[in-house]
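J.: These are the residues of each chain, in order.
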Amino acid sequence: MDWLTEQIQLQKEQATMYEEQAFYTALQQTSDELALRIEQRQGELDGRIWNATNW
Amino acid sequence: MKTLVIISHPEIETSMVQNFLKASAAPLEAITWHHLDALETLDVAAEQALLRNHERIIFQFPLYWYTAPASLKMWLDTVLTGQFAFNGRQPLAGKTLGVVVSTGTAAKHFQAGGSEQATLSEILRPYELVARKLGMTYLPPLAIHQLGYWQETDKQCLVIDYQRYLTQSEFNFDQQLAWFEAMLTKKAAEATSPEAQQRLILLSEQFADKRSELTDLNWQVQLIREEEGEG
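In order, the protein sequence lines correspond to chains A and B. Read in order, the letters of the first sequence correspond to residues 1 to 55 in our numbering. Read in order, the letters of the second sequence correspond to residues 1 to 231 in our numbering.
For the record, the hints were derived by calculation from the structure and aren't laboratory data. As the structure is a computational prediction, the values presented were derived from the model and not from experiment. Quick reminder that beta carbons are idealized off the backbone N, C-alpha and C, glycines included. Treat the hints loosely; a few may be bogus.
[As the list claims (entries may be wrong)] Quick list of in silico lysine-lysine cross-link-like pairs, BS3-like style, CA-CA up to 27 angstroms:
#, chain 1, residue 1, chain 2, residue 2
1, B, K187, A, K12
2, B, K108, B, K155
3, B, K187, B, K155
4, A, K12, B, K210
5, A, K12, B, K186
[Claimed, not checked] Covered stretches of chain B, as calculated for chain A (at least 3 residues, CB under 8 angstroms):
#, segment
6, 20 to 30
7, 37 to 50
8, 173 to 182
9, 217 to 225
With the hints as extra help, turn the sequences into a complete structure.
T.: Put into structure tokens, the structure is as follows:
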């Protein structure tokens, strides 16, 4: 589990109000989507930089 | 940005959806909750002033026979007079109009070949046309189908989707990240202990760093795409 996810989970566990818990649930989903997009962009960047047809 | 939520619902007290949405919006500032069925008479000038004083207008209702309940139609016909809405002035131009609609039918039925034979975008088109005529930007509708059957995690996400629908300036991923970042900063400012505040500040900073990382990567990828003639 990465640091961001750990911290979001910790905040969610400590939340006493329903709306607070909901916020951290949604933040986790957005954070997952953010991590996925970063991974996809890094993959595309690597792929394009190492594209042998352009050497 | 101030948001006006205009609700049309003849039985709001017993509506699970409306009570859920009202509780979801409770922590937000600058939201005006306006229940049409509770009004004894329509004060046209006061209603028009409400519209002028808010930047985002939301029509919120359950879908009755493929449209809103009667109180919204009555409100539209009475408040949006030709003198107010047209007459060369367009007082609502530049504002946004959103629709929050609940249905007792599953989402899968609202499509070509589904049992309803029409999409919600088609069904809600009159509101889109109203927005267009008034010079407003129409938001993609927020549809809530059969809330009673939803899983807990999905309900929690609805709380935040609804809050964002009422308050987020634009609906792209970067603005979604900006919204969460702003909320984390707000929560840090309101924290009850220095330790909690420190944790929230760190979380907010880490989240902002990730957002910047994505922005940089997007920019680099775009640059290489352009170099390779893909634009």
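J.: Take the hints in turn and mark each one as holding or not.
T.: Going through the hints against the structure:
About 13 angstroms separates the Cα atoms of B/K187 and A/K12, which keeps this hinted pair within 27 angstroms; it holds. At roughly 18 angstroms between alpha-carbon atoms, B/K108 and B/K155 fall within 27 angstroms of each other, so this suggested pair holds. For the suggested pair B/K187 and B/K155, the alpha carbons sit about 21 angstroms apart, so the restraint of at most 27 angstroms is met. For the given pair, A/K12 sits about 20 angstroms from B/K210 by alpha-carbon distance, which is consistent with the 27 angstroms threshold.
Distance hint between A/K12 and B/K186 is fulfilled; the C-alpha atoms sit about 16 angstroms from each other, no more than 27 angstroms. Under the rule that three or more residues need a Cβ within less than 8 angstroms of chain A, the assignment of the segment 20 to 30 of chain B holds, with 4 such residues. With a threshold of 8 angstroms between beta carbons, the proposed coverage of the segment 37 to 50 of chain B by chain A is violated, since 0 of its residues qualify and at least three are required. Figure legend: the segment 173 to 182 of chain B, annotated as covered by chain A; annotation consistent (4 residues with Cβ-Cβ distances under 8 angstroms, at least 3 required).
For the segment 217 to 225 of chain B, the assignment as covered by chain A holds, since 6 residues bring a beta-carbon within under 8 angstroms of that chain's beta-carbons and 3 suffice.
The structure shown violates just one earlier hint, number 7.
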